[in-house]
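K.L.:
Given next are the chains, with one letter for each unit.
Protein chains: 2
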Amino acid sequence: MREIEKLFDRIVQRVNINLRELEYDVNPYVQDLIPFNQMVKFYGFYGISPHHPLNFKFRHSNLAGSYFLGRCRVSNSLLYKSDIRGDELKKKGDLFQFNDYEIPVVDNEEIHVEDSFLIKTLVHNFSHDPESLERFFIKDTISMNYANIHGAPCDGCFLGVFATVDLTTMRDCVIGNFSYVQAGEISHLNIPPGTVWVRNPGEFNFYYQFPEPRLNDYVYFGAGLPPQGKIIDFVEDRKEAFQRVFDVVNIEQTIPVPSSASLDRYSVTRGLTTIGDNVLVAQRAYLQNAWLGKGANVQENCFIINSRLEGNDVTAHGAKIIEADLGVMVFVGFNSFVRGRPENRLTIGENSIVMPHTIIDITEQLTIPPNHLVWGLIENEEDLETNSIAIEELSKVDTRLAMGNMFFEGNGAAFVEAFQHRILHILEANGAFFNGAEKKGHAQKNQYISFNTIQPYPEGAKKGIFPTIVIQP
Amino acid sequence: MREIEKLFDRIVQRVNINLRELEYDVNPYVQDLIPFNQMVKFYGFYGISPHHPLNFKFRHSNLAGSYFLGRCRVSNSLLYKSDIRGDELKKKGDLFQFNDYEIPVVDNEEIHVEDSFLIKTLVHNFSHDPESLERFFIKDTISMNYANIHGAPCDGCFLGVFATVDLTTMRDCVIGNFSYVQAGEISHLNIPPGTVWVRNPGEFNFYYQFPEPRLNDYVYFGAGLPPQGKIIDFVEDRKEAFQRVFDVVNIEQTIPVPSSASLDRYSVTRGLTTIGDNVLVAQRAYLQNAWLGKGANVQENCFIINSRLEGNDVTAHGAKIIEADLGVMVFVGFNSFVRGRPENRLTIGENSIVMPHTIIDITEQLTIPPNHLVWGLIENEEDLETNSIAIEELSKVDTRLAMGNMFFEGNGAAFVEAFQHRILHILEANGAFFNGAEKKGHAQKNQYISFNTIQPYPEGAKKGIFPTIVIQP
Numbered sequence: 073m074r075e076i077e078k079l080f081d082r083i084v085q086r087v088n089i090n091l092r093e094l095e096y097d098v099n100p101y102v103q104d105l106i107p108f109n110q111m112v113k114f115y116g117f118y119g120i121s122p123h124h125p126l127n128f129k130f131r132h133s134n135l136a137g138s139y140f141l142g143r144c145r146v147s148n149s150l151l152y153k154s155d156i157r158g159d160e161l162k163k164k165g166d167l168f169q170f171n172d173y174e175i176p177v178v179d180n181e182e183i184h185v186e187d188s189f190l191i192k193t194l195v196h197n198f199s200h201d202p203e204s205l206e207r208f209f210i211k212d213t214i215s216m217n218y219a220n221i222h223g224a225p226c227d228g229c230f231l232g233v234f235a236t237v238d239l240t241t242m243r244d245c246v247i248g249n250f251s252y253v254q255a256g257e258i259s260h261l262n263i264p265p266g267t268v269w270v271r272n273p274g275e276f277n278f279y280y281q282f283p284e285p286r287l288n289d290y291v292y293f294g295a296g297l298p299p300q301g302k303i304i305d306f307v308e309d310r311k312e313a314f315q316r317v318f319d320v321v322n323i324e325q326t327i328p329v330p331s332s333a334s335l336d337r338y339s340v341t342r343g344l345t346t347i348g349d350n351v352l353v354a355q356r357a358y359l360q361n362a363w364l365g366k367g368a369n370v371q372e373n374c375f376i377i378n379s380r381l382e383g384n385d386v387t388a389h390g391a392k393i394i395e396a397d398l399g400v401m402v403f404v405g406f407n408s409f410v411r412g413r414p415e416n417r418l419t420i421g422e423n424s425i426v427m428p429h430t431i432i433d434i435t436e437q438l439t440i441p442p443n444h445l446v447w448g449l450i451e452n453e454e455d456l457e458t459n460s461i462a463i464e465e466l467s468k469v470d471t472r473l474a475m476g477n478m479f480f481e482g483n484g485a486a487f488v489e490a491f492q493h494r495i496l497h498i499l500e501a502n503g504a505f506f507n508g509a510e511k512k513g514h515a516q517k518n519q520y521i522s523f524n525t526i527q528p529y530p531e532g533a534k535k536g537i538f539p540t541i542v543i544q545p
Numbered sequence: 073m074r075e076i077e078k079l080f081d082r083i084v085q086r087v088n089i090n091l092r093e094l095e096y097d098v099n100p101y102v103q104d105l106i107p108f109n110q111m112v113k114f115y116g117f118y119g120i121s122p123h124h125p126l127n128f129k130f131r132h133s134n135l136a137g138s139y140f141l142g143r144c145r146v147s148n149s150l151l152y153k154s155d156i157r158g159d160e161l162k163k164k165g166d167l168f169q170f171n172d173y174e175i176p177v178v179d180n181e182e183i184h185v186e187d188s189f190l191i192k193t194l195v196h197n198f199s200h201d202p203e204s205l206e207r208f209f210i211k212d213t214i215s216m217n218y219a220n221i222h223g224a225p226c227d228g229c230f231l232g233v234f235a236t237v238d239l240t241t242m243r244d245c246v247i248g249n250f251s252y253v254q255a256g257e258i259s260h261l262n263i264p265p266g267t268v269w270v271r272n273p274g275e276f277n278f279y280y281q282f283p284e285p286r287l288n289d290y291v292y293f294g295a296g297l298p299p300q301g302k303i304i305d306f307v308e309d310r311k312e313a314f315q316r317v318f319d320v321v322n323i324e325q326t327i328p329v330p331s332s333a334s335l336d337r338y339s340v341t342r343g344l345t346t347i348g349d350n351v352l353v354a355q356r357a358y359l360q361n362a363w364l365g366k367g368a369n370v371q372e373n374c375f376i377i378n379s380r381l382e383g384n385d386v387t388a389h390g391a392k393i394i395e396a397d398l399g400v401m402v403f404v405g406f407n408s409f410v411r412g413r414p415e416n417r418l419t420i421g422e423n424s425i426v427m428p429h430t431i432i433d434i435t436e437q438l439t440i441p442p443n444h445l446v447w448g449l450i451e452n453e454e455d456l457e458t459n460s461i462a463i464e465e466l467s468k469v470d471t472r473l474a475m476g477n478m479f480f481e482g483n484g485a486a487f488v489e490a491f492q493h494r495i496l497h498i499l500e501a502n503g504a505f506f507n508g509a510e511k512k513g514h515a516q517k518n519q520y521i522s523f524n525t526i527q528p529y530p531e532g533a534k535k536g537i538f539p540t541i542v543i544q545p
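Those protein sequence lines, which keep their order, are chains A and B. Here the first sequence is numbered in the numbering used here, starting from 73 and rising by one per residue. Here the second sequence is numbered in the numbering used here, starting from 73 and rising by one per residue.
A few of these clues could be false.
Which copy is meant is left open, because identical chains are indistinguishable; a pair holds if it fits in one copy or across any two.
Unchecked claim - Below 25 Å or equal to it, Euclidean Cα-Cα: the simulated PhoX-like pairs (lysine-lysine) are:
(1) K511 x K535
(2) K113 x K302
(3) K511 x K311
(4) K162 x K534
(5) K534 x K511
(6) K129 x K211
(7) K302 x K129
Worth flagging that the hints you see were computed from the coordinates, not collected in a lab.
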């Protein structure tokens, strides 16, 4: 048996051992999902720049089609078309604030991926675990297509298709397809598909459950079958468009990009697309007739099609915006699927928040008013009524609130404030507020990245395994 | 001042200090020769395969456009479009035969390039220095365009344009343009341009001196000017053809290649080119209407244009063959320029040896008979008479022989035998004698190489400097 197959078997076994209490067997989901010949076919790549930390250590792994930035270490793992962004990690000397604690960071934080299999997964941000400040670990974990592991150390976990864990440390958990979890610290939980759960213990708890049959239309992943559903189809249909950006070494820029903005060379641009000042477009983003106002960002695996973003809009990792007009400061959370129609466009008013993992898919015109929070599955006006609330109104809640499949308890103002604070932080990190001299963020820093490619052994017993690679300043 | 400029100044100073006794100042030759912006522009690349040793360590260097294979270490150096092939090095446990000594090799040999500036230089083979078995060093050395450093450790040296040092350890030497030196061990020598010198102390000594004005027509390099001459023009005229092979990630093969042969993806193929069994075509080789018979090889920086090589022909690093027909087992040495004309072709009979650094440039038809040795500058029949000898006749010489600008002393048979032995070794190493199962060489092993690209910091103080890169099995 070749080494890459042994590695695969070993990872599957380790995850299953971790999940034994949940009686969860990952085998039927991952067997034959990515044929081994696909893992030999694609090159991996890493970025070098004067504005990003640099420390890559890759050992005994397959990194096909994966992208690395910053400080990350990968060993005994299979990373298929994944993005490991170690560019927002904590630095030696930082002070980490956790409740009343101020904990000194004694070393530069690194992302450590060990004994794991990540498929088209995005790993980003710093670990928010006060117990492990210097090591953002992803260990004995399998994550499926378009999962996001965002500031979330994982040990012994399985993440389904389009699952997101955000600022949460988890051990021995299963996160269902299209579920979003931001919960601080969890262990030994099996989160069902389509759960959106945001909690800050002692402060608030937001919980939404997608109706299963309706969610299955959009995202479904059963044992022995590849992922299915409308969102999968949407992404697959546009896969070919990325072929060329990976096939050429130097790519010409086809549209004007202001000197304060950056359009990643691994993104795709089609039609009449306009990039404003301070705009960030990340790798694997897809723009088609997109109008991006000052300070808007379009993160990894995002699609903006026939849409206008007025400015300072956040399109978080994996979000899709189609046939829509967004006012300023609209936040569209992770993996949200937000689709109007050419003849029936969607409008989202300024300062509104589309919660992570929201599906808005309309066939009649729909307007989300300014300063609203929306969540769940919205296909028409009626859905909107039970799946949205004015931010001001939510701020007044101090006990509990139930609307449709959503249940909220705790302090509404704290929830709103946490979200708004985070949106400002995201805009800041991405360079939306750059004034020509100060407040540089990714939009300005990412202009100066050069990319190096890496490939595995092309033949022999180690076929598909990459050599040991160490890259340092 | 940027780091890359400091590095340049430091290398120039170190070489000048080494060459102080010769009163040689390299400054006027190398200043502004390669603008620093060129050094930021091109990626370097290295090969990974199951058939080659692997140990790369690159530190504080620029590696623009350079290629690496095998075991090599580069520090504090500028390597511009150079090839460092550490795939024919000695292995731990080998026994190195030197005269009556049998010296054990205690570690895998590595090429160490330190504090050096190599421009379009080829480094290959193992060091033949019995004093330094495990370290093939290139230190405090500058080499110019199309120099070859072949199994030849160098310390404190300057190699001119198209200069070759072969199986020779040198310290504090200047090797003039288009000079070839194979002399065992030399120090504190200033070899004038156009010298071809092959000696085995106590056995034989071959010495040829190109007539200076006639050589200058072909290769000239004066202080403050870029290299000039017909051979430089010839190469420059074909530079554009290589653009595409470096611009795309995966290149399609346009002509059939037998399963026992290899055509490097960084070579250029034009017109009706035929590749026979066991043929090796290396990176940066250029083929145009080339017919390559079984076991022929075309090494780095070689050009084969409108020519036929019957089989088992060696085209050594940098040799060019144009409008010529070569019988079987013809050897064309390093950097030779062998040009017939469309209406007046050149014929070279079987088993003939074209000495390294030979220029054959005819305007009337010319035939070099089989089993002959030719050298120097040959533009017509008359030149051929004073620049060739039947190998059988040379074998009979046991005192001395003078013909034109050539002087030979010693044992002719030993000289011929050394050459023939080496040609067989080259064919063997390149896989010419592969029988489908045994006697694999580069032609068979090079089919399974994947290439990784590396780039320098694109901006900032370290602009042009590559990060520290370590690649191991």
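K.L.:
Please go over all the hints and tell whether each is borne out by the structure.
P.N.:
Verification of the hints:
no.: 1; hint: K511 x K535; verdict: between (46 Å within a copy, 23 Å between copies)
no.: 2; hint: K113 x K302; verdict: neither (27 Å within a copy, 43 Å between copies)
no.: 3; hint: K511 x K311; verdict: neither (35 Å within a copy, 45 Å between copies)
no.: 4; hint: K162 x K534; verdict: between (35 Å within a copy, 24 Å between copies)
no.: 5; hint: K534 x K511; verdict: between (46 Å within a copy, 23 Å between copies)
no.: 6; hint: K129 x K211; verdict: within (16 Å within a copy, 29 Å between copies)
no.: 7; hint: K302 x K129; verdict: neither (38 Å within a copy, 48 Å between copies)
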